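Chemist: In case you want the letters, here they are:
Protein chains: 2
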Amino acid sequence: MTDIYLNFIASALGSGIERNDQKTLGQDAADCERIVKKTGVLSRPIVVEGEYTSDLAIRATQQLLQKGDNTSAEFGALVVCTQTPDHLIPGVSSQVHGKLSFPKNCYTVDINQGCSGFVYGAHLMGAMIRGGALEQGILVNADCYTRLIRPNDLTTRVLFGDAATATSISKKRSGFRLIDSRCYSDGTGYDDFVARGSAIHPDEPIASGIYMNGPGILTFALRVVPESVNDVLAQHGLKTADIRMFAFHQANSFILGKLAYKMGLSSEQVPQNCAELGNTVSASIPLLLMDQQQHLKRGDLIVAAGFGVGLSWGTALLEYVGND
Amino acid sequence: MTDIYLNFIASALGSGIERNDQKTLGQDAADCERIVKKTGVLSRPIVVEGEYTSDLAIRATQQLLQKGDNTSAEFGALVVCTQTPDHLIPGVSSQVHGKLSFPKNCYTVDINQGCSGFVYGAHLMGAMIRGGALEQGILVNADCYTRLIRPNDLTTRVLFGDAATATSISKKRSGFRLIDSRCYSDGTGYDDFVARGSAIHPDEPIASGIYMNGPGILTFALRVVPESVNDVLAQHGLKTADIRMFAFHQANSFILGKLAYKMGLSSEQVPQNCAELGNTVSASIPLLLMDQQQHLKRGDLIVAAGFGVGLSWGTALLEYVGND
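Taken in order, these protein sequences are the chains called A and B. With the UniProt record's numbering, you'll find the first sequence wraps up at 324, consecutive numbering, no jumps. With the UniProt record's numbering, you'll find the second sequence wraps up at 324, consecutive numbering, no jumps.
Heads up, some of the hints might be wrong.
Which copy is meant is left open, because identical chains are indistinguishable; a pair holds if it fits in one copy or across any two.
[Claimed, not checked] In silico lysine-lysine, DSS-like type, Cα no more than 25 Å apart, as pairs:
| no. | residue 1 | residue 2 |
| --- | --- | --- |
| 1 | Lys-258 | Lys-104 |
| 2 | Lys-38 | Lys-171 |
| 3 | Lys-258 | Lys-38 |
Rather than coming from a laboratory, the hints here were simulated on the basis of the structure. Just so we're clear, the structure is a prediction, and the values are computed from it rather than from any experiment.
Taking the hints into account, I'd like the entire structure generated from these sequences.
Modeler: In structure tokens, the structure reads:
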């Protein structure tokens, strides 16, 4: 099977910062301390007035074009994974395409996925390249969930950050080799995480905003992530000790700790970036890969696992091959 | 290259009907006559109170499962193409997945595409099958644009109908062989068709609703459709006379007539379904293929071409191989 590589990753954060402190949350000091201790989230990038998903997506893609040494003319597809597009019609990918002068034979598509969206996107684009429908593409993961969260909904407000990443994907040996990827779905859990009153459904008389069944999502994650990770490891004759890094979706420190404990992983194997970023939805895994790249050496194996809204989840096995 | 087939197509229409007549539109008889004469649209299916995109998508998929003789357990991916999801989070595909008991290893994804969405979806799923990421999948095209249209905006209101189709796609020889497909995008035309005030962008102080640059879209369609059709024909050594049917996106009769005239096609080669359906967005091409199937014989070549919002367009070359 053709080898596929995630070549370069670039990012853009919301221009504002919101801290999980007394002043911002309007809670007393002990409550804020408890929130920070449990979630591991100290502060989060958030979009500011007039800033939308397309702005983050465009900035991340611009960064990628500078970093990766490829011009926009060299890409055949631009896929934006988002659940918070500026408009329902058209997708954010059309905005990025127009603003950054991508060519007409570079097709654009938005996919609607949440925290599993990086693995889903890499899986789809990997298949498109293997299937001969694409030579080289860009996957953008961009969201600003904070625009949907009710300010008084502390359960979700303290968790989510707004960010975007752009990842170039091709057959060129550089970055991370995509050895395997698998995507899963369980629509019976649709109601466990819904943006009520968004898009075309009014959801009267429920107030608009994100509704999350926290305990349900936790139980789900602790079941499906170990299971799907073990499946992919078994398929390749690997053990958890063979994996240098588990790039789990950065939901929050509590879930990450539980996952590591359940799977018997060292804290070194499960790096986190949520203290200063929060849960950046489908951008969290590529942001982590970007941050951690400096600590990796060629040949290191990485498991990426995204999970969340849908419900859906995806697991990928990667090998770091370096960038030169 | 692996042959890919669009095996079966099923559909579901909005439960209401809106006629382009005096009573509905509040215009005088001469104006209504002019509207019907120019657009070719007499009436359109529309969603009724409490009916959303997910309802149409679920009904079309149920129909497909009955028609195609495959159970939901036999599909590996469920892709819903929509621009009017019930909620921003999660996608409509999660609802269909949950309601119709698709298995967990059948992954779900929503793609945001308008009138080019059938060709885009078939292109992506064809590549996924060729790339080994999928054996058999379902592409659903579902929208209810009427929920976004301002009632007094007659320019768009008289055109759009609400409908869904579900198409099974696999390597099994049956239905329509997907010989070739190409997708294109031009994001510089983003503003030519926008649902203002939808999703997370408020677009103050513009009233929410669909804004369409009709003349701009017409010029665009008359330029890109003949060009991309000629490209795919040339690539396969074909002439327009070799093509039994041009399944153009059913924007309206006016555009279809102009396209046929410009490309020198007979009216028999350019069937229409917009008189009783209107513009059903990305469902229009599969609805047409479904309707016209009875008039086709094995070996007939078909060109499908979708164009619209994004701006984006896609062209596919198909061969009818029959269903038995």
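Chemist: State for each hint whether it applies.
Modeler: Hints and how they fare:
When the C-alpha separation of Lys-258 and Lys-104 is checked against a cutoff of 25 Å, the pair qualifies only between copies, where the shortest distance is 23 Å, while the shortest distance within a copy is 47 Å. Neither within a single protomer nor between protomers do Lys-38 and Lys-171 lie at most 25 Å apart by alpha-carbon distance, with minima of 41 Å and 50 Å respectively. In the homo-oligomer, the alpha carbons of Lys-258 and Lys-38 lie at most 25 Å apart inside one protomer (12 Å), although the nearest pairing across protomers, at 63 Å, exceeds that limit.
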